[in-house]
Amino acid sequence: MSSAKKDLRICNKGHKFYKSSNCRTCPTCELENKPDSGFLSLLSAPARRALVHNGVTSLEELSKFSEKEILKFHGIGPASIPTLKSSLERESLSFRN
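In this text, residue positions in the sequence shown follow the UniProt record's numbering: the first is 1, and each later residue adds one.
If you're looking for bench data, these hints aren't it; they were derived computationally from the structure.
One thing to keep in mind: the hints can contain errors.
[As the list claims (entries may be wrong)] List time: in silico EDC-like cross-link candidates among lysine to aspartate or glutamate, alpha-carbon distance up to 20 Å:
id: 1; residue 1: 13; residue 2: 32
id: 2; residue 1: 19; residue 2: 7
id: 3; residue 1: 85; residue 2: 61
id: 4; residue 1: 16; residue 2: 32
id: 5; residue 1: 16; residue 2: 36
id: 6; residue 1: 85; residue 2: 69
id: 7; residue 1: 64; residue 2: 89
id: 8; residue 1: 85; residue 2: 67
id: 9; residue 1: 34; residue 2: 61
id: 10; residue 1: 64; residue 2: 91
id: 11; residue 1: 19; residue 2: 30
id: 12; residue 1: 85; residue 2: 60
id: 13; residue 1: 19; residue 2: 32
id: 14; residue 1: 6; residue 2: 30
[What the hints assert, rightly or not] Distance windows between CB atoms, simulated:
id: 15; residue 1: 15; residue 2: 72; range: 29 to 35 Å
id: 16; residue 1: 6; residue 2: 37; range: 30 to 36 Å
id: 17; residue 1: 33; residue 2: 61; range: 16 to 22 Å
id: 18; residue 1: 36; residue 2: 61; range: 16 to 22 Å
id: 19; residue 1: 36; residue 2: 68; range: 28 to 34 Å
id: 20; residue 1: 68; residue 2: 4; range: 20 to 26 Å
id: 21; residue 1: 81; residue 2: 36; range: 19 to 25 Å
id: 22; residue 1: 19; residue 2: 94; range: 35 to 41 Å
id: 23; residue 1: 4; residue 2: 42; range: 18 to 24 Å
id: 24; residue 1: 79; residue 2: 36; range: 20 to 26 Å
id: 25; residue 1: 4; residue 2: 55; range: 14 to 20 Å
id: 26; residue 1: 8; residue 2: 89; range: 41 to 47 Å
id: 27; residue 1: 45; residue 2: 91; range: 32 to 38 Å
Every residue, glycine too, gets a C-beta built ideally from N, C-alpha and C.
Model the full assembly from the supplied sequences, consistent with the hints where possible.
Given below as structure tokens:
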């Protein structure tokens, strides 16, 4: 268990949560914002936020990027790539070369 001190925070919607990092993301709001379907619903919250922050909200948009470019987004790690690839392949799309 982490020994870092966790501070009580309250988001704009009034949800209370504890964080030890500088991250301001409310876990309750994250769950509320998670899509029920689509490729974004298959990803972790950091990966989902990274794509949305960079304007990638559809597989068509995702296909305009190379894997290398996507991996540069803060919040995307190598574990996200297989999920993204399979989502693209289901729609006969792929990452840009």
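### Message
Range first: 14 to 20 Å. Now tell me if the beta carbons of residue 4 and residue 55 are that far apart.
### Response
Violated, since residue 4 and residue 55 (Cβ atoms, about 33 Å apart) do not stay within the stated range.
### Task
Hint says 16 to 22 Å; check whether the CB-CB distance for residue 36 and residue 61 agrees.
Holds, at about 20 Å.
### Task
Would you mind confirming whether the straight-line C-alpha gap from residue 19 to residue 30 stays at or under 20 Å?
holds (14 Å)
### Query
residue 36 and residue 68, beta-carbon distance inside 28 to 34 Å?
Cβ of residue 36 to Cβ of residue 68: about 30 Å, so the range 28 to 34 Å holds.
### 20 Å limit on alpha-carbon distance, applied to hinted pair residue 6 and residue 30
holds (19 Å)
### Message
Holds or violated: residue 64 and residue 89, Cα atoms, limit 20 Å.
### Response
holds (14 Å)
### Query
Hey, residue 34 versus residue 61, does the alpha-carbon distance stay inside 20 Å?
Holds. Residue 34 to residue 61 sits at ~19 Å (cutoff 20 Å).
### Hint consistency between residue 85 and residue 67 [alpha-carbon to alpha-carbon, up to 20 Å]
Distance of about 9 Å is within 20 Å: holds.
### C-beta pair residue 4, residue 42: status relative to the range 18 to 24 Å that was hinted
Violated - the Cβ-Cβ distance for residue 4 and residue 42, about 30 Å, lies outside 18 to 24 Å.
### Query
Do the alpha carbons of residue 16 and residue 36 lie within 20 Å of each other, as the hint requires?
Given pair residue 16, residue 36 is violated - Cα atoms ~24 Å apart, limit 20 Å.
### residue 16 paired with residue 32 [C-alpha distance capped at 20 Å]
Given pair residue 16, residue 32 holds - Cα atoms ~14 Å apart, limit 20 Å.
### Task
Indicate whether the distance between the beta carbons of residue 33 and residue 61 respects the range 16 to 22 Å.
For residue 33 and residue 61 the Cβ distance comes to about 18 Å; the hint holds.
Checked against the numbered hints given earlier, the structure breaks hints 5, 20, 23, 25 and 27 and satisfies all the rest.
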